[in-house]
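From first to last, the protein sequence lines stand for chains A, B, C and D.
Heads up, the first sequence is in the numbering used here, so the first residue is 380 and it goes up one at a time.
Heads up, the second sequence is in the numbering used here, so the first residue is 30 and it goes up one at a time.
Heads up, the third sequence is in the numbering used here, so the first residue is 27 and it goes up one at a time.
Heads up, the fourth sequence is in the numbering used here, so the first residue is 74 and it goes up one at a time.
Keep in mind the hints are simulated off the structure, nothing from the lab.
Take the hints with a grain of salt, since some may be wrong.
As the list claims (entries may be wrong) - According to the in silico footprint, chain A covers these stretches of chain C (three or more CB under 8 Å from chain A): (1) 44–50; (2) 66–72; (3) 100–112.
As the structure is a prediction and not an experimental result, all values here were calculated from the model.
Glycine is no exception: its CB is placed at the ideal position from the N, C-alpha and C atoms.
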Amino acid sequence: MIHIPDLAHATPVQIVFCILAIITLATAFLTIFSRNPIHSAIYLVICFFSIAGHYLLLNAQFLAIVHIIVYSGAIMILFLFTIMLMNLNEEHEVHKPRITRLGAIVSFCLICIVLIAIFINSKPIVGDYDSSGEDFQSIKVLGKVLLNEYMVPFEFASILLLVAMIGTVLLSKKEKLEK
Amino acid sequence: MNTNIALVLVLAPFLGFLINVFFGKSLGKSVSGMIGTVSVVVSFVATLYFFMQINNTKQPLSIALFDWIQISNIKVNFGFLLDQLSVLWLLFVTGIGALIHLYSFSYMHDDEKMHSFFAYLNLFIFFMILLVVGSNLLVLFIGWEGVGLCSYLLIGFWYKNQHFNDAAKKAFIMNRIGDLGLLVGIFIIGNLFSTLDYVSLKTAITGATNLNTYWISIAAFCLFIGACGKSAQIPLYTWLPDAMAGPTPVSALIHAATMVTAGIFMITRLNFVFDLAPQVQTIIAIIGAITALVAATIGLVQNDIKKVLAYSTVSQLGLMFLALGLGAYEVAVFHVITHAFFKACLFLGSGSVIHGLHGEQDMRKMGGLKKAMPITYITMLIASLAISGIPLFSGFFSKDEILLVAFEHSIPLWVVASIASIMTAFYMFRLMYLTFFNEFRGTAEQKHHLHESPALITFPLIVLAVLATIGGIISLPFPEYNWLNGYLAPLFTKVATEEHGLGSTEYLLMTLAVIGGVVGIAIAYIKYNKQNTVPAEDAAITGFSKVLYNKYYVDEIYNFVFVKTINELSRFFRDIVETSLSALVFGFGKVTNEIGFYGKKVQNGSIGLYLFAFVLGLCAIVSYLFLAQQ
Amino acid sequence: MNNILNQIGIENYIFLSVILFCIGVFGVLYRRNAIIVFMSIEIMLNAVNLLFVAFSTYHQDAQGQVFVFFSMAVAAAEVAVGLAILVSIFRNLGSITIDNLKNLKG
Amino acid sequence: MNVSLLLILLLVGAIVTYLAGDKLASKVALFFGLASLGCTIVLLNHYNLGENISFITRWITQPNVSFALKADGLSLAMVLLTTALTPIIIFSSFGNEYKNSKAFYALILFMSFAMTGTFLASDGLLYYIFWELALIPIYFIALIWGNGDAEDRKKAVVKFFIYTLAGSLFMLVAFVYLYLKAGSFLIEDLYKLNLSSSEQLWIFLAFFLAYAIKIPLIPFHTWQANVYQKAPTVGTMLLSGIMLKMGLYSVIRWQLPLAPLAAKEYLPVLIGIGIAGVIYGSIVALRQKDLKKLLAYSSLAHVGLISAGTYTLTLDGLRGSVLQMIAHGFVVVGLFFVAEIIFRRYETRTIAEMGGIRAQTPKFTSLFLLLVLASVALPTTFNFVGEFTVLYSLSQINVWFAVLGGTTIILGAYYMLKMFQYTMLGETNKRIFADVTANEGITLVLIVAVLFFFGLYPKPIIDLITPSLEEILTQINRIN
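With the hints as constraints, model all of the structure from the sequences given.
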């Protein structure tokens, strides 16, 4: 069953979760609905921060920091730069046909219903969490896992980034005019 | 020794053929003709050797050369069987063949392709020998098809004329219809007895106790169809008159004396098979009689000298089949031999006439040639008397025996055969009177050039005329003087005609036959000599004689029923079936194309649509996985 | 050490992720602006990441976080390339409305 | 010494020919063609001495595929046909100029290589690869060097390509299924399978589709006439002389032993299809205006008879079919070459525009006539031996089959003689017809000589193929 935290008897952790969750969802919605792309981007930044908050809540400090650096720091800056490069504002938004809206809403509802229904029906075992007290998510442990077990994928990730970099440079370079 | 001589016998004409094919042109006409003739004479001499030997020892010779085809349990050997029948056949094949080669030497001398003519003739003799001496049905089949091929080549010898080519093609295809019958007959025999060899076949049949007569009858019937094709019997006879398109020596050799008797040879050879199928024998007899009559009636009104002889040949072959059907194989063989003599003589004589008139074949434009061509006239007269059954000439004896046998078995058949022979007498003398008596009706130019043919042409005529006169002595109607029956006796399992003396009935019949012949001649004399009637022009022919003149329209009917049908069918297949099949295959491609055409509209580039589909798909998959787990 | 999930419950994280993901999907379908579409995709990615981390805590296993790490790397690369593409599209077409990007259709 | 050498020789030949350049290509190709013929004869000799000339090695471990080339009498007979015809075909093209001839001749050798591989392969997947490989060169040969309107040609050739490819895919499916059952593609392992009759039926049908299109049997023949007409004569020779035999060979080697129950159950139907092909092909051939199309339909009729022979499932039928395959291979190559010779002089393939050639060139006429006679199976030609044996086997099943199949000797004579009459005979043609050149003459004489030699003495070939056919026959009759 859905376990709704009782706000009256909520622990601080639960309250923090609720607040963070609300911020996350609200800013996500706002990202989508705001007409100005710059606003969207800023809402998205807030959304990412709240997700980082979730990570912190889950005691994943390293990830939270990385998340802020990568998403809020790098990716969102990229977005903002792009938006500014293109000089986008509200006028650029075209009229959306009704069928598009309908389709979007239908798929939103559908996917929500399917996912939630499945989740409810699959009756997950809730509440019995073990905590061995073992350290599993400190930077030290993560580093060991990453560089021992996931050595090769790690290297591949770096190659991927390199390739992406080169690709980006190539793509965004202004093409020489054809002679 | 025997093997070597047999090989010489078979291969001499083939060698002649090869030399003429490869070197004929450079050797010149005379040499190539000489080679052609000599090679056949060599065969003739070799045949004589075997004839002497077999006539003395009465032992057939089997010569096996090499394994040819293997089918299941049958190993077909390429071998020869020289016995009474084959040697007898070889005698007149090579003998008459040699004479006709000699004749052609002069007859074809003006033709630029004389060497290939001799090559084909030699090849024909080779295949004919193979047909006759083969020790099994497959070697016979080689010869059988081979002579068909040579007949094709020789009918179409003047290949620039497409009508001649059509005639050649027609002959070949009609022969092949018969060949299919023969082939099927061979298959059935092979399936039944696991052998195709004559000797072992005979042993198998005579030794067997319970024979499958049903299948044997079918086999016999199929073989008979083969014989029909080759020997021009109803319904496959129409090619033979058309085959007269070939040079006259060819008509004499192939289409009168030798090849067309192959069917009779085959049936005689396999007499032990046919004896087991009495129904088929009855069919053979009836077909033979009908053919004799129908061909004779058509022969009554023909104006082309060679056509008359062609129908006469068909008619005579019908008589032979009648004899075969009645089980009187030796009688048929006897008639084959005498017929070979007088018919070859008649054809060669007509050739001499045509030669003298520079290619004119229409009897309405002949007449009065008696004085200009005395030797031709006399020899042809003798042959005509022989074919008409005038006593003491060879034809009298052989034809009389057939009529006798027919009378013994069935009166209607005898009546039909008798009518046919009366007609024979009539149209033969119609031919004689129109050609040789009264005044010449051709152009003055032709009249000026009228002359007797050279010695090379007349010599064979004389020889054949002599043979046509005295040929009857080999089988006189008196048992003690009947050499042929005794000679052939070992071949036959049962004696068809009881040896009997001549009673009063027989004498009566003989007299009747002679009277019939004389009446036929008399009518012809009155009509064409006394009254000097000249047959009407083509357009003026009316009534029943028009039907006869147009050969009962059989060619037209065949054309309409078979040739036209098959051609229309071909057109239908080509234009309708082929295109629709093709369209069907293209249809598959079209359907795929159409699906693609409409399918591509879904791929319209709208990411929204893609995503929507993606979401739906995702939901579907997740739901499916989830529901499947339940 | 006390497991934080005892207080919040994994199911809440799942709901949160699902809704976040759906918002992302909705955004992609709803908006025509390529940049916003991109942002929506980022939201979807983050929804998944969040779930990874939650389950990592649930199982007390570092692997989940490692995956998040990789997915961030991929996301970074993707955004870089994607935005570069958008820039060049904008240069060529003068707009980044995805309705205009129909050259691939058959 | 084993058969892989032959394949290597042909492949190397193809490469060397390509590298030799346009001028030398034809001669190099001819050299390699002759070398492979020599190699085949040497191999044949080794085989007859009882040596093992098969070759097998592991090729792919997962899935379990071997590079297995097995040479028995049947395979060797077909290989002999291929390697004997290849030099003849190459030699026959000497009178023509082809642009980019190095590629042309290399493709011929490559095709020869693929077909030889098909005849030798005893591993299902390897066989399939060779089978499809043979399609590629003929596609290019027909497309690039073909004649007629380029658009029409493309249509016909692409149709042929897709059609045969689609058919073959079903065969691949069948092979995959068999592999799943047997765990190996090797023919010996596949033979050991005990398939239920319904499985056999499906496998039979899958194979049938592939082979019926390739052979082709009616009603799958629609690609044939057009491709024959459009392809250059060399391509037509390769197609009709050898490639069709791939289908027929495969019926004997793969289809019948793997699915004998189905073959037995549908025996009358299968023979009926073959015989229908005989009659239909002959009748359609009657009224063809194009010489090559006529020959294509005659080919349809002949392969109909051959396949009817194979489906009799008797030793005679199989033996007759193999003999007839070889004979037909030679005769059809000869006849297409005749068409090419006429085309070189008159620039036409329409029969109506020919005629009156005989008077100008007696040698050519004689050779042509001999080929025509061989085609109508006159006794003493090789075709007669094959046709007779096949018809005999048909008569063992049912006399009516023999009668209906035997119509080929009537109808065949009809359309062939009609064709001969209107191409060669008649009033002398006004256009000059130069007599055959030495090259052309030698090619035709060679073909005719082969046909007549084996027509009189087919024993060597009969002895070569009979043991392997008996083996296949025991395989066919293993379940009863």
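Q: Sort out which numbered hints this structure fails and list those numbers smallest first.
A: none
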